[in-house]
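Asker: Those protein sequence lines, which keep their order, are chains Y and X. Going by full-length UniProt numbering, the first sequence opens with residue 1, and the numbers climb by one from there. Going by full-length UniProt numbering, the second sequence opens with residue 1, and the numbers climb by one from there.
For the record, the hints were derived by calculation from the structure and aren't laboratory data. Beta carbons: idealized from backbone N, C-alpha and C, even for Gly. Certain hints may be false.
[As the list claims (entries may be wrong)] If the Cβ cut is set under 7 Å, some of the chain Y residues that face chain X in the computed set are:
#  : residue
1  : Met-1
2  : Leu-4
3  : Gly-7
4  : Asp-8
5  : Arg-9
6  : Ala-10
7  : Pro-34
8  : Ala-42
9  : Thr-45
10 : Ser-123
11 : Phe-129
12 : Ala-182
13 : Glu-183
14 : Asp-187
15 : Ala-193
[Unchecked claim] Some chain X residues judged to face chain Y by a derived CB distance under 8 Å, without partners named:
#  : residue
16 : Leu-6
17 : Gly-9
18 : His-24
19 : Gly-127
20 : Leu-131
21 : Gly-132
22 : Ser-140
23 : Ala-145
24 : Ala-149
25 : Gln-151
26 : Leu-153
27 : Val-180
28 : Val-184
29 : Leu-218
30 : Glu-234
31 : Asp-270
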Amino acid sequence: MRFLPCGDRAVLVECDSQSAVLGLHGALAASRPPGIIELVPAARTVLVVVKPRVIALETTRTWIERAAQGGTPERRADAGSPVVVIDTVYDGDDLAPLADILGVSAREIVERHTAAEWDVAFSGFAPGFAYLVSADWPFDVPRLDSPRTRVPRGSVALAADFSGVYPRESPGGWQLIGRTDAELWNDTADPPALLVPGGRVRFREVAP
Amino acid sequence: MSLHILTPGPLALVEDLGRPGFAHLGVSASGALDRSALRLANRLVGNPQDAAGIEITMGLLEARFDAPTWFAITGAEGDVLLVRDGVPASSVPLAVATHAEAGDRIEFGPARHGVRFYLAVRGGIDGAPTLGSRSSDTLSGLGPAPLSAGQTLALGAEPERAIPSADALTVWAPRDDTVVIDVVEGPRTDRFDSHTRDAFFETTWSMSASSNRVGARLDGPPLPVARGAELPSEGMVAGSIQIPPSGLPTILLADHPVTGGYPVIAVVSDASLDAFAQVRPGQHVRFRHAH
């Protein structure tokens, strides 16, 4: 774990692995003192944004060090949290061409995608867009050469070693393998996102 | 109590101090770009500092007060007229509480200094908040849509605080010459060699016209950066100065994406962000170490 400066009201903590990020984020969320405005997990880092009048950056670093010692830095997502099941129709436009690229059948992609247990690693790109990772997922998926200008809401997609679901219509360069009616984002819900960092997810195949 | 929008100008948005606390779900704080200007406008009319006002980019908004109302304008500077019965009644001074009668129109000319005017109306702009804020986030689409002609904005209840007397208030218009912006160390400063870091501080940059609330782009001699210098996505703060492969800095502003993959060479100090929000396209910017 390494502290990186990030302006006068934040510190960026770099971890050794994605699972260490999840562990650190969980430990920080569980012991969050007043004055911590944001805790933003990402691929290898956790960004901690503070209100300097309430908590100094020095104090913040001390808290992070203690939380990391007390936590379980290599744990996966919260094993106690319920699994969100996303009913998916696997008829995405990119499923067949992607199978050719990966040298497997489309059926195998679907079976591995539904068999894997996914962890919500972090969010970004759009409200409620979660980057899902899984130790059970073997593929490294290239992004589209040219992003689509319009990806339909609810598209289930793959890129690199991530899976994700587009919460609303937007541009996007991920490979589309299916679609879901699940509501990924609701302004009036608490939390507003269906998939929150540290959560667990499974995809279930349903008929169109 | 309401405010009727006749013409929004190029871009007018409802903004308050934003919705921090949701970045882990993919939502940046958003909120007024020049926060101190919005706070001041609210104080002048007795509102809480975080009441919603209108951020008016480059001016040219026209609106009608449907009831007697106090209002104040801060931020950018330009001619603003109060029109009564179709006749210009007075020019509205900057950073002073002004009283309008029912039916009065307010007409903004173009911004002469700075970019963003803030209009606070006593009671604040009302409406259902999204995740605790009434701010328009132009990237995520959360909050109210940009204002449009014919729209009527409801105002909130009269605040308890009286209109403060502020005779001694001195406010300068945003500067037109080179703006010096304080920066502090960024997470990837060490990714850049000393030659590149020196060039970053020694260059007089100019604000690109393709800047918006998501980010400001700067023009100038490109920094000599290594190609393919992308990182795994990491959390970004407002003020992060990213150096993409083009070598031209991009400064993330209030509506920025919560994560990004370009290395951040430095971060604009929190105190300098408001001044940066008033830099006009073509205006010059230099960076210096805050400490």
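Asker: Determine for every hint whether it applies to the structure shown.
Answerer: How the hints compare with the structure:
no. : hint    : result
1   : Met-1   : 14 Å, violated
2   : Leu-4   : 4 Å, holds
3   : Gly-7   : 3 Å, holds
4   : Asp-8   : 5 Å, holds
5   : Arg-9   : 5 Å, holds
6   : Ala-10  : 5 Å, holds
7   : Pro-34  : 13 Å, violated
8   : Ala-42  : 5 Å, holds
9   : Thr-45  : 4 Å, holds
10  : Ser-123 : 4 Å, holds
11  : Phe-129 : 5 Å, holds
12  : Ala-182 : 16 Å, violated
13  : Glu-183 : 14 Å, violated
14  : Asp-187 : 5 Å, holds
15  : Ala-193 : 4 Å, holds
16  : Leu-6   : 29 Å, violated
17  : Gly-9   : 27 Å, violated
18  : His-24  : 5 Å, holds
19  : Gly-127 : 13 Å, violated
20  : Leu-131 : 6 Å, holds
21  : Gly-132 : 11 Å, violated
22  : Ser-140 : 5 Å, holds
23  : Ala-145 : 14 Å, violated
24  : Ala-149 : 26 Å, violated
25  : Gln-151 : 20 Å, violated
26  : Leu-153 : 20 Å, violated
27  : Val-180 : 16 Å, violated
28  : Val-184 : 5 Å, holds
29  : Leu-218 : 18 Å, violated
30  : Glu-234 : 4 Å, holds
31  : Asp-270 : 5 Å, holds
Of the numbered hints listed earlier, those contradicted by the structure are 1, 7, 12, 13, 16, 17, 19, 21, 23, 24, 25, 26, 27 and 29.
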